[in-house]
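Protein sequences appear in the order of chains A and B.
When the letters of the first sequence are read in order and numbered with the numbering used here, they come out as residues 606 to 884.
When the letters of the second sequence are read in order and numbered with the numbering used here, they come out as residues 226 to 536.
Hints may contain errors.
What the hints assert, rightly or not - Simulated crosslink set (DMTMM-like; lysine to aspartate or glutamate; CA at most 25 Å straight-line): (1) A:K839 to B:E526; (2) A:K745 to B:D401; (3) A:K699 to A:D827; (4) B:K417 to B:E526; (5) A:K745 to B:E383; (6) A:K699 to A:D670; (7) B:K228 to B:D418; (8) A:K699 to A:D666; (9) A:K706 to B:D315; (10) B:K436 to B:E415; (11) A:K745 to B:E244; (12) A:K816 to B:E278; (13) A:K745 to B:E269; (14) A:K876 to A:D618; (15) B:K229 to B:E415; (16) B:K530 to B:D457; (17) B:K229 to B:E383; (18) A:K816 to A:D827; (19) B:K228 to B:E439; (20) A:K745 to B:D418.
If you're looking for bench data, these hints aren't it; they were derived computationally from the structure.
These figures come from a predicted structure and were not determined experimentally.
Each chain, letter by letter, is given below.
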Amino acid sequence: MSRPDKTNEELLDSLREKARRVRLGIIDALGIGNRGHVGGSMSCADIVAALYFYKMHHSPDNRGDPDRDRFIMSKGHSVLAQYAALAEAGYFDKAVLGTTKSLGSLLQGHPERTTPGVEANTGSLGQGLSIGVGMALAGKADGRSCRVYVIVGDGELAEGQVWEAAMAANHYGLDNLTVIIDMNGIQAAGRTRDRYSIQNIPGRFAAFGWKTFEIDGHDMADIVKALDMASALKGCPGAIAARTVKGKGIAFAENTHAYHNNLLTAEEREKAIASVMAI
Amino acid sequence: MEKKQEKNPRTAYGLALLELARSNPNVVALDADLCGSTQSVQIENNLPAQFFEMGIGEANMVSVAAGLALCGKIPFVHSFAVFAAGRPFDQIRQGVCLPNLNVKIVGSSAGLSDFGDGATHQCFEDMAIMRVLPHMTVLAPVDAVEVPKAAAAAAAIEGPVYIRLNRNDLPIVTEDAAPFEVGKPLVLAEGKDVALCVNGVTAGIGLDARKILENQGISARVVNFSTIKPLDEAAVRSVLSGARALVTAEEHSVIGGLGSAIMECLSKKPMPTARVGIADRYGQSAHNYGQLLEHYGLTAEAIAKAAEEVL
């Protein structure tokens with residue numbers, strides 16, 4: 606996407622509107638009566654919107670562009686947010702969102718490359734950042750301008766491979782790689798701090814040689830600024846630790862693991878849409 | 226053919242990989258601190274821009290290779306078979322085979338061939354666990370002449386390939402001019418009564434077994450199955466035609482490897498088959514390779530005995 610030529614406030618407003626559409630798209634993809642990972646999709650919706658509609662160089666009309674930026678949803682269960690953004694960006698018709706997870710659908714329960722715009726298969730947690738390292742290495746080797754953005758979950762950081770990837774990115778000085786940690790603080794079985802505490806996430810990445818940024822993951826100004834700073838780094842990768850709220854935007858689903866993977870009834874769907882419209 | 230002098234398959238592999246990488250700059254090598262053993266050091270020394278040291282972290286290495294492949298590279302990932310196939314199984318399944326990416330996994334020091342290091346470094350399970358993955362091609366070349374052909378065939382396949390390599394010098398049992406076609410077994414030595422199906426180190430052992438059987442009046446054909454997957458049923462039946470029974474011989478568990486693959490392939494019209502391989506057990510250290518092969522029953526005598534029993 607080419608960067609819109611607007612004043613900053615107009616830009617932020619347009620991105621907030623995109624984030625709203627991503628959230629509505631998540632609700633569409635979830636449908637009625639089907640379980641889906643709504644909580645973690647909602648928590649990263651603002652970040653996903655900022656990536657697809659502000660930061661990333663990409664186009665549905667030039668999907669094979671070797672210089673396109675790559676996005677990887679390492680916490681693959683939150684793919685509903687990516688599907689909503691891809692539909693909004695024109696990679697496929699918005700009507701396809703309603704088929705998510707149905708038999709034979711283009712939109713599987715976790716990201717697969719068969720979906721237009723999806724760059725990597727993820728879902729087995731902890732692998733997306735490594736795939737991003739590979740893409741960033743290829744970009745460097747070929748002298749390409751492409752950048753790689755990876756969203757990981759805070760609970761996902763328990764996967765040791767994330768830290769193997771963090772070491773590799775540091776060793777190779779991958780300044781074309783940015784990781785955004787969606788710190789919604791809740792994983793499948795409960796609060797991350799209670800289940801398996803992973804303290805001082807920015808400090809951990811800093812210790813691995815990454816430049817770190819701490820932001821409010823629902824403040825569009827914060828998100829845009831951090832993405833700009835991370836993409837301007839030289840010689841080291843950037844990690845954006847984003848404080849978020851699980852289920853953000855659906856009031857009754859916020860800040861609870863009950864909506865990590867849950868369904869909406871027809872009535873709840875209407876309430877959810879009203880809640881998103883009221884943000 | 227007759228066995229000729231011994232040569233090291235991994236040395237041949239390193240030189241073959243170098244040739245592939247020279248002719249195609251998208252060919253890249255990754256290693257997890259074993260580049261001397263796996264011979265990916267040939268790339269590091271001669272084409273350093275096409276080599277990535279990934280530290281002692283095989284899971285990350287495989288997923289990084291997936292990312293490289295997604296950007297048009299042809300990554301060859303190296304470690305010992307047990308660490309190349311077993312440790313990052315999930316990364317291979319989820320990140321490489323499911324999306325059918327162009328990643329080559331090279332499992333070096335397979336079977337018992339890392340004799341000194343013992344059970345942790347020996348691997349009898351790799352063919353089974355690589356073979357079960359959709360999209361994966363599995364190759365186990367028999368000698369230093371065939372290894373470069375297998376590497377070139379792997380590079381030419383647009384998709385994941387697992388190549389199983391032996392650590393030690395092995396007798397040359399194939400001709401320079403012999404074709405290498407994935408999925409098509411080749412006769413190494415003619416014979417009519419029984420077919421000895423071999424790959425890797427068992428090729429040379431199978432040829433010795435043929436001589437033992439010859440002295441007993443049994444005519445044995447030795448067939449090179451350097452492809453484990455995919456197997457072309459018509460080609461397999463053709464190469465086995467006329468034989469009354471089969472012996473499969475592999476430096477791998479009898480569960481899930483070459484013997485299993487051939488029996489599955491022929492399951493609609495099965496042939497009497499005896500399987501020689503490593504029983505359902507782990508390895509151990511020894512001071513030399515031959516001692517271990519004998520201890521685990523991978524001998525010409527054992528193959529000949531199995532042939533007599535199955536006929």
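Status of each hint after checking the structure:
no. : hint             : result
1   : A:K839 to B:E526 : violated, 64 Å
2   : A:K745 to B:D401 : violated, 39 Å
3   : A:K699 to A:D827 : violated, 29 Å
4   : B:K417 to B:E526 : holds, 19 Å
5   : A:K745 to B:E383 : holds, 23 Å
6   : A:K699 to A:D670 : holds, 23 Å
7   : B:K228 to B:D418 : holds, 21 Å
8   : A:K699 to A:D666 : holds, 16 Å
9   : A:K706 to B:D315 : holds, 22 Å
10  : B:K436 to B:E415 : holds, 12 Å
11  : A:K745 to B:E244 : holds, 23 Å
12  : A:K816 to B:E278 : holds, 23 Å
13  : A:K745 to B:E269 : holds, 17 Å
14  : A:K876 to A:D618 : holds, 24 Å
15  : B:K229 to B:E415 : holds, 17 Å
16  : B:K530 to B:D457 : violated, 28 Å
17  : B:K229 to B:E383 : violated, 34 Å
18  : A:K816 to A:D827 : holds, 16 Å
19  : B:K228 to B:E439 : holds, 16 Å
20  : A:K745 to B:D418 : violated, 59 Å
Consistency note: the structure conflicts with the earlier hints numbered 1, 2, 3, 16, 17, 20.
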